[in-house]
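K.L.:
Chain by chain, the residues run as shown.
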Amino acid sequence: MSAFRKLDRREFLALTGTASAGVLLLGLDTRTAQAAGTEAVRADFQPNLFVGIDSDGTISLLVHRSEMGQGTRTACAMLMAEELHVGLDQVTIVQAIGHPRYGDQNTDGSRSIRFNYTRLRQMGAAAREMLESAAAEAWDVPVSDLVVRNGSIRHDASNRAASYGAFASAAAALPVPEDPVLKDRADFDLIRTAQPMIDMKAITTGHAVYGMDVEVEGMVYASLERSPTVGGRVASFDAAAARAVPGVTDVVELPADESGLTNHAVVVLATNTWAAMEGRRRLSVEWQAPTGDLETTESFTDALRRSTEEAPNTILDQGDIDTAFDDADQVLEARFQGPHLAHAPMEPMCLTAHVQADGCEVWAPTQEPQWARREAARVTGLEEDAVIVNVTMLGGGFGRKSKPDQIIEVVALSKQIGRPVQIAWTREDEVRHGFYRAQNYQIIRAALKDGAVTGWHHAATFPTIGSTFNPQNSAVGRGDMGQGATNLPYRIPNIRVSGGDVGSDLRIGWLRSVNHTFITFATQSAMDELAHELGRDPIEFQLEMLGAQRYIEPFGAREDNPYRFDTDRLKAVVERVRDESGWGRTLPEGHGLGFACQYSFASYVASVVHASVENGRARAHEVWTVIDPGSYVNSDTVKQQLEGSAVFALSYVLHGRITTEDGVVQQSNFHDYPLARMNESPLVNAFIMENDHPPAGVGEPGVPPFAPAFTNAVFAASGVRVRDLPIGGRRLE
Amino acid sequence: MARLRVNGELREVDVEESTPLLWVLREWLGLKGAKYACGMGLCGACTVHVDGQAIRSCVTPVSDVENKSVLTIEGLDPNGEHPLQQAWAELNVPQCGFCQTGQIMNAAALLQENPRPTEEEIEARMSGNLCRCGTYQRIKSAIQAASRAAGEVSS
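Protein chains in written order, with my numbering: chain C, 1 to 733; chain D, 1001 to 1155.
Bound-form chain C, shown alone:
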């Protein structure tokens, strides 16, 4: 359904579920409902799903993407406000519920601005044109004589002015323009400026409402002891001690969902979260693990290595790779490894659901409210239209909060116990029951002849992203290696990319930047190794290997696509970061600069890291990162994302490692799954290229280049190559 159409009053009321101004949802008080962003637009004039203007002057903008720190609520509001000619301080932001009428709401893949840059501007522009028409009609003057600024309309010749609210009712009677006129870039007041995030005050005063801050009247609190293995079952349990904890009201079993996305669990219900957690600690559960040998890190690593050495599946074969290796003067081989990673958003998942006979309402910090809605409908047997998924603020997501396991559990539990219920995941739950970034093993072999790279064979094994949906499907595929391996941009005549096949007994998912996190680490480390082997400056070598302008296709965007991979745009960010970082300068003993670049999520990023190695310990001191994201919205958000991306990647370079024993995750909390802290984190200098290309991703592309730029800097500083992540406690000598 096109969102770009007029709603009648009756339909609008039906959509918002209330016939009065304001909203009260199942015991949420109005302030909480508004802070939580539960959908409630008050408007006499709502020309489309996204913009509403009330006669009292209230301007409501609806944001349909989930806010998890990437700045989407502010950016989406900026797009609409820009064309509506209002300031951000004049608008009320309303968070959309999950519904297909808004179009894609899957807040993943750095796509919010790509999908909505023009569309949301059109929403604002249509509303503004209708208000202008209404004013012109009321004053009997030509539209072209009106001046629109900051939510008011002026007619200077007759010295008349009024705010939008005065024309809301009249505008509602006008036809919606099909093709509203958008501003030229030169006239932007908001887009491409630095705007503070719209939720600043709520955050700094503690009033922002995240998943765990929701309270629904009559709800009980639940803590789940889940099977430690995927597919395991409760053999027996003793809940006597749990039931003795004051506040514990009941202990029940929750079966694993038929989808395979959740684990069999014993659930402690209580009058408060602490009692639920305490009761759970006193449970005694005997588990029955699935039969067969389950994943154990040591043997799993061996299996990945063996499969990579064989790499039976050829994914890309350009030129004649065998002849290139046969004719080579020299062959270089490097092997790279990375472990499973958990997402560890600061907010562990916390969800609330209320299932009744005729409807289901969910409050969730979810990245994918439409998937949540579909799963809630399936689990309850209700029609999708009887399910309301309210989206709270997310205390970080990074891909983990797109998965519907957490929704399925809370909805099934509410249905089973017949009450509203909140499930609070502990940190241990989050670390042990993830959809992990997959452990990986990669081998890159390069053929050198007469000082040139003539062949490149990249083999990799890791449980594919596709196994998220079908655990039987584990082989590395095109989509996996299309993230930086098959679309390698260098002028190498013979390239082969191949993959192995090893499945995991954990659930595999996507983590911020997905496979680029390890593919870029391998390719950009290998490029640095080649430059050193050939006695070349790493940046000059890469620029030469990029060569004259070309578009890179293998499995990526094609000729008619504005997002196709343009090597000149990559070269431009490489040259810019070289200049901004003072590349080539002399640093003290034990210090060095490292470089890496990557095209991902349709953006181009290059980073230089200044690192030191002292007493075998690596440290990143400073980072310079340049991004070409095409048309961007909030310049400060772009910089924030580049700053945060470096720290995010630093955690997996230094610390992140999930290991298994017999299918059971061995880590549990920040003491054994540490994240980078302030005293380890570098200063990041972020730069944005200016051009008129269509908008590309911002939330993820900053991540991939950091790890190889850092470890290449470690090599420059110490002569030690880091090919296995994380560095962890090992001394670099």
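Computed footprint of chain C on chain D; a stretch qualifies when at least three of its residues, placed anywhere within it, have a C-beta under 8 Å from a C-beta of chain C:
#1 1019-1029
#2 1033-1040
#3 1067-1075
#4 1128-1137
Partial chain D-side listing against chain C, Cβ under 8 Å, derived:
#5 E1016
#6 C1043
#7 G1080
#8 Q1095
#9 C1096
#10 G1097
#11 C1099
#12 Q1100
#13 E1123
Calculated from the structure, these hints are not laboratory results.
Beta carbons: idealized from backbone N, C-alpha and C, even for Gly.
With chain C's structure known, arrange chain D on it following the hints.
P.N.:
Leaving out everything else, chain D in the frame of chain C:
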């Protein structure tokens, strides 16, 4: 039953005395600004002040704060305009925002004890607070800015 002063108000709460202060604040007193993120005192998201000291409320039994004064983010400044809150806004510090109340409360205690901390002192103190979004450099800058602003006001 526990008696404590929270943001200046005397509160009596009917609660098991071993219950951590965090949950008493959040679920008995409706003050949701302090967050649960690890439950082990490892990340600082639950930081509040007790008698002026920054503490980890997730590992502090409510019995430990009997008759003491608790300050939460909600009570830091009546208008939400503490120099740190202003600096946070000026420097656009938060991303997801979840850890930021704990960051601000830890920073507020730091500035109370040491109004002009050096960069090293800020790092030493603030490295106990995790931020997965990686806002550390802005947090550091905002503390320095708030410190300068407070210095200008008092001088």
